[in-house]
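Student: What follows is the residue order along each chain.
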Amino acid sequence: MFHKGLARLLAESRLLMSDSSLMNVLLPVDTELAPAEAAYDSKIEGNVIFTRLDTAINWMRKNSLWPMPMGLACCAIELMATGASRFDISRFGAEVMRFSPRQADVMIVSGTVTYKMALAVKRIYDQMPEPKWVIAMGACASSGGMYRSYAVLQGIDQLIPVDIYISGCPPRPEALIEGMLRLQRKIDEEPSFVEQKKELLSQLAKV
Amino acid sequence: MTMASNAAQTLKSQFGKAILSTVEFRDEHTLVVSLEKLHDILAHCQGKLGFDTLTDVSSLDHLGEEPRFEMVYELYSLSAKVYLRVRASVSEDNLVVPTVTDLWATANWHEREVYDMMGIKFVDHPDLRRILMWEGYPFYPLRKEFPLAGKPSEMPDVAFTGVAPLEGGPFVTQPSTAGSISREPRARN
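So the sequence lines, in the order shown, correspond to chains A and B.
Taken in order, the first sequence gives residues 1 to 207; the numbers are from the numbering used here.
Taken in order, the second sequence gives residues 1 to 189; the numbers are from the numbering used here.
Do not rely on the hints blindly, as some may be mistaken.
Subject to a maximum C-alpha distance of 30 angstroms in a straight line, what follows is the list of computed DSBU-like cross-link-like pairs (lysine-lysine) [what the hints assert, rightly or not]:
#, chain 1, residue 1, chain 2, residue 2
1, B, K81, A, K116
2, A, K198, A, K186
3, B, K151, A, K122
4, A, K116, B, K12
5, B, K81, B, K144
6, B, K121, A, K116
Don't read these hints as lab results, they were simulated from the structure.
The structure presented is a predicted model; accordingly, all values stated were derived computationally and were not measured.
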């Protein structure tokens with residue numbers, strides 16, 4: 001691929017050490033300064049990077065995933081441990097557990113989804129704003145687990161789309177962190193802006 | 001002679017034929033009583049014999065036998081530290097049992113669970129709704145004829161159920177002294 005990940009580019013550039021914010025560099029407010037000249041201005045040359053908008057957006061999204069903790073059973077205990085000091089999920093930008101779905105990016109379904117709870121989980125998922133992702137944490141959320149029973153939904157993917165499945169009963173916090181990192185990798189490759197642009201163009205074409 | 005057998009003797013002299021049989025097994029005393037006198041007997045246990053705690057209310061399904069169902073009450077006396085079990089058969093044609101919520105308030109949720117899982121109704125229960133499954137769920141899941149995998153049902157905007165894949169199961173353990181690989185839960189014929 002021509003473009004490497006923005007995070008890698010950032011590491012190579014001096015942007016992180018400068019005072020300028022990323023948005024100011026990506027979207028220059030000073031209209032007097034033509035972009036072509038800016039690249040050759042020796043004073044700010046080291047602060048300018050070129051990347052795709054998709055890559056920049058994905059970089060921002062994946063590094064501040066706010067989870068909706070859908071804690072339904074013992075997996076939720078491991079989820080809490082992952083958030084606490086020993087494992088510290090905030091190292092990966094996902095420490096802001098939101099109990100309001102309207103403020104959350106990723107729903108971590110941690111535990112046994114009973115049929116009684118199933119539609120409530122779906123309702124909460126529907127209330128989350130786009131873009132949104134789902135992690136099925138543990139055997140129960142992925143497949144019903146050991147509950148081959150009249151009362152348990154046999155995997156939350158029968159109701160809502162799941163991005164990452166984590167095995168384990170319950171999975172250890174390291175496994176959840178690995179799942180979060182894989183989700184970050186997945187988000188990194190999403191054509192988020194391109195898709196939005198296509199949608200916008202198709203809507204404009206209809207009008 | 002323990003306190004529980006005393007209680008059993010007292011009840012037997014008090015109620016006579018209503019006590020169908022008494023069972024003693026490893027110091028556990030069980031009274032099998034007739035359903036008509038069940039509430040009177042339990043009221044006597046609670047009021048006169050000092051069984052102030054209802055530990056559990058449960059129900060059994062003897063599919064293929066008549067009467068098919070059976071109620072089980074586990075009583076306990078906090079002062080005498082004595083347990084007593086009272087059982088009464090319920091016919092499938094008349095699935096009605098008097099409530100004991102007037103004697104022990106804790107019977108409220110226990111009887112709701114029996115109603116939810118087995119479909120036995122309790123007369124004069126103050127709040128006889130399902131407790132685990134939702135109102136409108138069409139089955140009684142702990143009855144013997146109900147399959148372990150469940151049955152499909154649908155209640156729009158409330159809940160739905162499906163059939164669980166058993167993959168040759170149910171998985172059962174086999175008691176033996178063999179190694180853990182042969183003892184672990186597997187599908188067996």
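Student: Each hint should be assessed against the structure and marked as holding or not.
Tutor: Evaluated hints:
no., hint, result
1, B:K81 <-> A:K116, "violated (39 angstroms)"
2, A:K198 <-> A:K186, "holds (20 angstroms)"
3, B:K151 <-> A:K122, "holds (21 angstroms)"
4, A:K116 <-> B:K12, "violated (45 angstroms)"
5, B:K81 <-> B:K144, "violated (35 angstroms)"
6, B:K121 <-> A:K116, "holds (22 angstroms)"
In summary, the numbered hints that this structure violates are 1, 4, 5.
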